[in-house]
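A.B. asks: Given chain B, work out where chain X should sit, using these hints.
2 protein chains.
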Amino acid sequence: MTRPLSMWNDTPTKQAILDFVDKVTANDADSFVPPAERIATFDNDGTLWCEQPVVQGVFIAQRLAAMVKTDPTLRDTQPWKAISDGDSSWINSAVTKHYNGDNTDLKALFGAVLKAFGDITVEDFENQATSFYESSLHPVYKQPYQKLGYVPMVELLRYLESNEFTCYIVSGGGREFMRPVTESMYGIPPERVVGSSSVLTFKADDDSANIIHSAAAGIIDDGPGKPVQIWTRIGQRPILAVGNANGDIPMLQYAADQSGPALCMLLDHDDEVREVVYSSGAEEAVKEAGAQGWTIISMKTDWSRVFSFQ
Amino acid sequence: MTRPLSMWNDTPTKQAILDFVDKVTANDADSFVPPAERIATFDNDGTLWCEQPVVQGVFIAQRLAAMVKTDPTLRDTQPWKAISDGDSSWINSAVTKHYNGDNTDLKALFGAVLKAFGDITVEDFENQATSFYESSLHPVYKQPYQKLGYVPMVELLRYLESNEFTCYIVSGGGREFMRPVTESMYGIPPERVVGSSSVLTFKADDDSANIIHSAAAGIIDDGPGKPVQIWTRIGQRPILAVGNANGDIPMLQYAADQSGPALCMLLDHDDEVREVVYSSGAEEAVKEAGAQGWTIISMKTDWSRVFSFQ
Chain B
1 MTRPLSMWND
11 TPTKQAILDF
21 VDKVTANDAD
31 SFVPPAERIA
41 TFDNDGTLWC
51 EQPVVQGVFI
61 AQRLAAMVKT
71 DPTLRDTQPW
81 KAISDGDSSW
91 INSAVTKHYN
101 GDNTDLKALF
111 GAVLKAFGDI
121 TVEDFENQAT
131 SFYESSLHPV
141 YKQPYQKLGY
151 VPMVELLRYL
161 ESNEFTCYIV
171 SGGGREFMRP
181 VTESMYGIPP
191 ERVVGSSSVL
201 TFKADDDSAN
211 IIHSAAAGII
221 DDGPGKPVQI
231 WTRIGQRPIL
241 AVGNANGDIP
251 MLQYAADQSG
261 PALCMLLDHD
271 DEVREVVYSS
281 GAEEAVKEAG
291 AQGWTIISMK
301 TDWSRVFSFQ
Chain X
1 MTRPLSMWND
11 TPTKQAILDF
21 VDKVTANDAD
31 SFVPPAERIA
41 TFDNDGTLWC
51 EQPVVQGVFI
61 AQRLAAMVKT
71 DPTLRDTQPW
81 KAISDGDSSW
91 INSAVTKHYN
101 GDNTDLKALF
111 GAVLKAFGDI
121 TVEDFENQAT
131 SFYESSLHPV
141 YKQPYQKLGY
151 VPMVELLRYL
161 ESNEFTCYIV
171 SGGGREFMRP
181 VTESMYGIPP
191 ERVVGSSSVL
201 TFKADDDSAN
211 IIHSAAAGII
221 DDGPGKPVQI
231 WTRIGQRPIL
241 AVGNANGDIP
251 MLQYAADQSG
261 PALCMLLDHD
271 DEVREVVYSS
281 GAEEAVKEAG
291 AQGWTIISMK
301 TDWSRVFSFQ
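Here the protein sequences come in this chain order: B and X. If you read the first sequence in the working numbering, its first letter stands for residue 1, the second for the next number, and so on. If you read the second sequence in the working numbering, its first letter stands for residue 1, the second for the next number, and so on.
Hints listed in this document are in silico derivations from the structure and should not be mistaken for laboratory results. A few of these clues could be false.
Any copy, or any two copies together, can satisfy a pair, since identical chains are not distinguished.
Said to hold, decoys possible - Dumping the calculated SDA-like pairs for lysine to any residue here, alpha-carbon to alpha-carbon at most 20 Å:
1) Lys287 to Asp205
2) Lys203 to Gln236
3) Lys97 to Gly111
4) Lys14 to Glu161
5) Lys147 to Pro189
6) Lys142 to Ala61
7) Lys107 to Val58
8) Lys203 to Ala262
9) Lys287 to Asp207
10) Lys81 to Lys107
11) Lys203 to Ile234
12) Lys97 to Ala217
13) Lys203 to Gln292
14) Lys300 to Arg274
15) Lys203 to Gln258
16) Lys203 to Glu284
So here's chain B without its partners, still in its complex pose (with noise of 0.2 Å):
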């Protein structure tokens, strides 16, 4: 047999999560949990891949800077003025206030995002994050962004899948961003992905039937929304869960309501080596993770690699 989680250390951590599989494997009536019910969830920005930068941002701006070569007047208004400035800055800066409660620039993000996007087909915008994820390289580590998983949490995927649990991508990144990539990087297909989305139109004419992409924000997959969405597509709570940030808060609560065992886990940015040393937009999950004996997942002490090109 060969041994479980290589690429991480022999910590506490990695005994909590050995140690929880045991008990809802191993035959005993108080813990055991039928495979059916091994749902686990994984926030996807800071959890499965980096977020420094929000992969999400730079996709963002790159079609918001191709927006402005189209129409100069745009130039004005943000967030095009940043990214015609090069202030790449104010895309993460509007994330992080959005982790603090203040959403004044995300509005306008999105507003610029919708527009940008609205009015295609669900193909069409999938095969524009495809071109991108083919295209655009990782400023520091000159990677493809489709190579900044994190290698232990895919290889946690592939240790839970063994052991007859079904793992979901519950992420407050874009779901059509994220499918072209999901299957190839984590082993998860794009149904098991749930995520956030612009609102979806129907249309057909005697030739064609369409999803259509529209220019108003649908499903905000972030918040109490990851819980309402692991309901609605899941129809089961989930008995892990991973995540980073505060938004991920609620969906480590309803996967600790359990009436039986449950693994909730944040991973704390701790690495300035391998990673980034941060925790803007994490302080509540930490406070939160402390009051309720939540695992911390230390990327400098648990991880024994990061990324697979390392």
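C.D. replies: Relative to the frame of chain B, chain X by itself:
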């Protein structure tokens, strides 16, 4: 090898199904569909189980009758009035009017339904549905409603799965109303049940974390809502779709618009002996089926059995 589809007579319809499955599974580059893309979607009411009367309508009527007992002033308003007067046709007629484009009565019904089931957890709602299934009998067949599934359709689900299809229910009916019985009736787990639902909200305190059924209409999984929900939930177009009413037209159009093979089918309720003959609410669908060359399943001609108890 057992003969597939033993409850289907040897008609052109059965041959169309067998031919389609052969085509997508055979080693022929022009028609082969990889297993991961073999998505099949099935309407529920009138397609997988009997909709005379609409089962969820009976469930709702029972609940509304219980409300009048608690608050007799409700007796003056529809739909409570119809329920109190024993006028069971009112709900069926509201649904038929909806199929024909008039939503007046359905809106009154929705309002009452949301009031009846507002502000309870989704688990409590499912428990109420389970109690209904355990305690109620169909007025004609004198069988529990979960025995009202069409056995040839269940056989078709299994036949498709044995050919590596993944089958989903995509119904205008309530998702939370269906989920408690779809596994035992059809072998379809909760994550593959797509349906309508009220707005759900997340509510957490120090001790508990729950999804609450709130008193507002959320997803309407009917008509153009069906392909939108299919994409949202599955992220792929179905290559096979089955319905029986006007509300299924967009789902069938969506499945039909493929580069590869597609099989779109419409169930015709033409069996006066074993079920009921009716076409109300299916007129447009029949027309579209003719125009597009969709396959009509005749209950009378194509099925050797209808229900398990007959």
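A.B. asks: All hints, please: hold or fail.
C.D. replies: Structure-based check of each hint:
no. : hint             : result
1   : Lys287 to Asp205 : between (53 Å within a copy, 15 Å between copies)
2   : Lys203 to Gln236 : between (32 Å within a copy, 16 Å between copies)
3   : Lys97 to Gly111  : within (16 Å within a copy, 38 Å between copies)
4   : Lys14 to Glu161  : within (17 Å within a copy, 37 Å between copies)
5   : Lys147 to Pro189 : within (17 Å within a copy, 33 Å between copies)
6   : Lys142 to Ala61  : within (18 Å within a copy, 63 Å between copies)
7   : Lys107 to Val58  : within (17 Å within a copy, 44 Å between copies)
8   : Lys203 to Ala262 : between (43 Å within a copy, 19 Å between copies)
9   : Lys287 to Asp207 : between (55 Å within a copy, 16 Å between copies)
10  : Lys81 to Lys107  : within (15 Å within a copy, 46 Å between copies)
11  : Lys203 to Ile234 : between (27 Å within a copy, 18 Å between copies)
12  : Lys97 to Ala217  : within (19 Å within a copy, 31 Å between copies)
13  : Lys203 to Gln292 : between (47 Å within a copy, 17 Å between copies)
14  : Lys300 to Arg274 : within (8 Å within a copy, 68 Å between copies)
15  : Lys203 to Gln258 : between (42 Å within a copy, 15 Å between copies)
16  : Lys203 to Glu284 : between (43 Å within a copy, 17 Å between copies)
Against the hints set out earlier in the document, no violation occurs for any number.
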